[in-house]
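Novice: Each chain, letter by letter, is given below.
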Amino acid sequence: MGLLSKKDSKLILDPLADNNPITIQVLGICSALAITAELKASIVMAISVLFVLGIGNVVISLMRNIMPSKIRIIVQLVVVAALVIIVDQVLKAFAYELSKTLSVFVGLIITNCIIMGRFEAFALANGPWRSFLDGIGNAAGYGLILIIVGFFRELLGSGTLLGFPVLGNPIPGELTGLYALGYENNGFMLLSPMALIVVGIIIWVQRSRNKALIED
Amino acid sequence: MENKTDKNSYTILFAIGMVLVVGALLAFTASSLKPAIYENVRLEKQQNILYAMGINDNDESSAVFISTDKAPEAFNANIKEQMVITVDVDGNILKTQTRDEYFSETKEEPYLIDVKKEQANLKAGKPRKLPLFVGEREGQTYYVAPIYGKGLWDAIWGYIAMDKDMVVRGAYFDHKGETPGLGANIKQRFFMDDFYGEHLLTESGVFKGINVAKGNADPKNKDKTDNEVDAIAGATITGDGVTAMIKSDLKLYKPYFDNLKNSN
Chain Z
1 MGLLSKKDSK
11 LILDPLADNN
21 PITIQVLGIC
31 SALAITAELK
41 ASIVMAISVL
51 FVLGIGNVVI
61 SLMRNIMPSK
71 IRIIVQLVVV
81 AALVIIVDQV
91 LKAFAYELSK
101 TLSVFVGLII
111 TNCIIMGRFE
121 AFALANGPWR
131 SFLDGIGNAA
141 GYGLILIIVG
151 FFRELLGSGT
161 LLGFPVLGNP
171 IPGELTGLYA
181 LGYENNGFML
191 LSPMALIVVG
201 IIIWVQRSRN
211 KALIED
Chain U
1001 MENKTDKNSY
1011 TILFAIGMVL
1021 VVGALLAFTA
1031 SSLKPAIYEN
1041 VRLEKQQNIL
1051 YAMGINDNDE
1061 SSAVFISTDK
1071 APEAFNANIK
1081 EQMVITVDVD
1091 GNILKTQTRD
1101 EYFSETKEEP
1111 YLIDVKKEQA
1121 NLKAGKPRKL
1131 PLFVGEREGQ
1141 TYYVAPIYGK
1151 GLWDAIWGYI
1161 AMDKDMVVRG
1171 AYFDHKGETP
1181 GLGANIKQRF
1191 FMDDFYGEHL
1201 LTESGVFKGI
1211 NVAKGNADPK
1221 NKDKTDNEVD
1231 AIAGATITGD
1241 GVTAMIKSDL
1251 KLYKPYFDNL
1261 KNSN
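Chains as they are written, first to last, in the numbering used here: chain Z, 1 to 216; chain U, 1001 to 1264.
Don't take each hint at face value.
Said to hold, decoys possible - Quick look at which bits of chain Z chain U covers, simulated, 3 or more residues with Cβ under 8 Å:
| no. | stretch |
| --- | --- |
| 1 | 8-19 |
| 2 | 62-76 |
| 3 | 109-122 |
| 4 | 181-193 |
Worth flagging that the hints you see were computed from the coordinates, not collected in a lab. Glycine residues also receive a C-beta, built at the ideal position from the N, C-alpha and C atoms.
Could you put together the complete structure from these sequences and hints?
Specialist: Here it is, written out as structure tokens:
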């Protein structure tokens, strides 16, 4: 690796698979259930978390030596909340349409346990550059799972991807594509419990391919 | 060994400093961006009202507003009058003002009236201002009224365009935080378009509203006089919210439409 040392690239690549925040560390499950009914929402959430976690990790890392340890959790919360609100305001002023799609996620980003988890576990003990890579890596690992879950839930639940019908027209009387053959959308896929089951299947597949991940 | 960052005095000073810095930063961002945000909100209301009366850039399946640079011009060209009807608690009309009368009294555009605040006024026993936008397009007159209510998680709102017999001629719904894929679908065309042609009154002329009904016997919505549209599966509470806001807000316009009929 020319750009990154082996140790640094491990920071980015590890959370994508063998140390994934959702499937291995089991963090960030709440938002993975809440917003993955549509692929678009999953992608928007993935990008938002990438941004907040990348910058937030750097800020916390820079403050790690002056931060009083007794109130560090509150300081971390304030940093995330301030970042998210500033981003939200800037989007409202300059990209209003996008901000409307995002507004749902503002609260979810602040409470996302991956963010607090990375601050506590990594940024408090490492320098800004390594913290930045760690933040990007973990957010990407989180986003990857989100997008996989969103893909299957939207496809099987609504028969669309990013809002475009891909399986045909499901309106009674004008059936085309798969629907004409008797296929029906599974409305259950749109409800949160199915996200848990999809995440469960991902965990199962991942661990059966890599036995080292299985705990006793 | 005790660290200097573990001392109580340092902790308190740090906390105060942090609050001051973050507070100032947020206040600065908010106040410097306020005009731009306000402008966006203003244009969006114009787009919403125009959307309800059928002026939009819809493609085959998705709802698209007229672009923001064209919205003010289209708004001025198509909205002939912005009425403000003031009603008391019993629903009696106290006065009806035109846009110019209202503007000279309050220095406020009727389309920027805060519906939520007006609802609270009525609840507190005070008169409520009802904005009504009279638009004309292709020889047809549209009466567009704003509605506001509660969904499952947060606020939902919309604009309903009617003709003089209170038959729906267009609807626009939006929401603050309904579930994506479920309640959030109230702003999809398949739901909004269903309202077109629905009657708000019963055959005998009593106000009934439009029920977002589950297990509707008419899922393709052929019957426009049943006061029902088909609900979205999995979004019962959002649908009930739509039913409720249509009922409670549009009911108040009924006396105005009665007067309109009688004066002709």
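Novice: All hints are to be evaluated individually against the structure, with a verdict given for each.
Specialist: Results of checking the hints against the structure:
1. 8-19: Violated - the stretch 8-19 of chain Z has 0 residues with a Cβ nearer than 8 Å to chain U, which falls short of three.
2. 62-76: Since three or more residues must qualify, the claim that chain U covers the stretch 62-76 of chain Z holds, with 9 doing so at under 8 Å.
3. 109-122: violated (count 0)
4. 181-193: Check passed, 3 qualifying residues.
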